[in-house]
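J.: When you read off a place in the sequence shown, starting at 1, and then add 4, the result is the number in the numbering used here.
The calculated DSSO-like cross-link candidates involving lysine-lysine, where the alpha carbons are at most 30 Å apart (straight line), are:
no.: 1; residue 1: K232; residue 2: K127
no.: 2; residue 1: K244; residue 2: K127
no.: 3; residue 1: K165; residue 2: K181
no.: 4; residue 1: K56; residue 2: K175
no.: 5; residue 1: K195; residue 2: K244
no.: 6; residue 1: K116; residue 2: K99
no.: 7; residue 1: K235; residue 2: K195
Per label pair, the in silico range of CB-to-CB distance:
no.: 8; residue 1: I277; residue 2: E238; range: 16 to 24 Å
no.: 9; residue 1: G224; residue 2: E153; range: 15 to 23 Å
no.: 10; residue 1: Q170; residue 2: E270; range: 42 to 50 Å
no.: 11; residue 1: Q40; residue 2: S167; range: 20 to 28 Å
no.: 12; residue 1: Q237; residue 2: E270; range: 18 to 26 Å
no.: 13; residue 1: K56; residue 2: E112; range: 19 to 27 Å
no.: 14; residue 1: R316; residue 2: G164; range: 33 to 41 Å
no.: 15; residue 1: K175; residue 2: I277; range: 36 to 44 Å
no.: 16; residue 1: E189; residue 2: A264; range: 37 to 45 Å
no.: 17; residue 1: S246; residue 2: G164; range: 50 to 58 Å
no.: 18; residue 1: E112; residue 2: G224; range: 43 to 51 Å
no.: 19; residue 1: L173; residue 2: V41; range: 24 to 32 Å
Please keep in mind that the hints were generated in silico from the structure rather than gathered at the bench.
Yeah, the Cβ is synthetic: ideal placement off N, Cα and C, and Gly gets one too.
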Amino acid sequence: MRKTIVVVLAGLLMTILSGCGQENEPKAAVKNNSGQVRSIHYWGQVYTVPEKVERIVVTGALESLEDAVLLDVKPVGAMTVGGTFPAMLASITQKTVPIGEQKQPNFEAILKLSPDIILSSDKFPAGTAEQLQKIAPVIPVSHIATAGEANLLLLAELTGKSSLAQEILQKYHEQVKAVQAQLQENVRNKKIIAVRFRAGNLNIYPEDVFFNEIIYQDLGLAVPAEIKAAKAQEIISLEKLSEMNPDVIILQYAAGENLAQPKALEELQQNAIWRNLTAVRNKQVFVNIVDPLIQGVAIGGKMQFLQAFADRLQ
5 MRKTIVVVLA
15 GLLMTILSGC
25 GQENEPKAAV
35 KNNSGQVRSI
45 HYWGQVYTVP
55 EKVERIVVTG
65 ALESLEDAVL
75 LDVKPVGAMT
85 VGGTFPAMLA
95 SITQKTVPIG
105 EQKQPNFEAI
115 LKLSPDIILS
125 SDKFPAGTAE
135 QLQKIAPVIP
145 VSHIATAGEA
155 NLLLLAELTG
165 KSSLAQEILQ
175 KYHEQVKAVQ
185 AQLQENVRNK
195 KIIAVRFRAG
205 NLNIYPEDVF
215 FNEIIYQDLG
225 LAVPAEIKAA
235 KAQEIISLEK
245 LSEMNPDVII
255 LQYAAGENLA
265 QPKALEELQQ
275 NAIWRNLTAV
285 RNKQVFVNIV
295 DPLIQGVAIG
305 GKMQFLQAFA
315 DRLQ
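With the sequences and hints as input, model every part of the structure.
T.: The following block contains the structure:
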């Protein structure tokens, strides 16, 4: 009987290991502790998680780390950006273990941490998601701007901080109303766009993506036709931008997203077409009004953006 049990266990172990052939993949799945479980509803799905969540790993989902700052949740493991934890996460990452880059999780490092839950990015390919699921329960966190409240409430429910999350959301809604009241009528009639400078190109986004949700939905400002027509991140040429000729440009630039073109922004700013834009001539181009890593999804980032936006356009 003992030999039979040993053989069966060995067979199960080999089955687990068979899907983990690459160097950076986990060698075995880690089962959660034997405590009770509960169900969490998030973004149209139901997830089974441990009753008590203490060891959280975040990979790919920068939005969740922004939420963690607001809720003072310290993950045991989190991804780095360019090899380090961003300064805006300093309050929660003093004892956090690096577990790979934002788009390249280190499965072995995550496995060693024995997490209760993994918060991942919904942008990960299926193969990455499958490997993470072998380690611990996984919840893919939405990167869509309209998911900001749901994302915050998810982390709050996992960590027993739902009351704090509700207080934060109330403050956010009050801030939106205050900024709406603060904006002058002449601002409401302006053509305002938010762009991101990536890989040497200017990019625009649909009206509910990036900071557009705040500008056009929360604050109710007019949506330019070009933004309405955008279906995803879309490169906009200088010629097309000149035709659009916005009154205000919010430009976000991260050096890490332009490593191959380190002087591209400077070159853009010297371009004659750029210099002739109404926003440029009137000094209404605002670069990095918030940390360029902020995506406009997490509530904390939205609150920072609202304040910065109001300060510049009042």
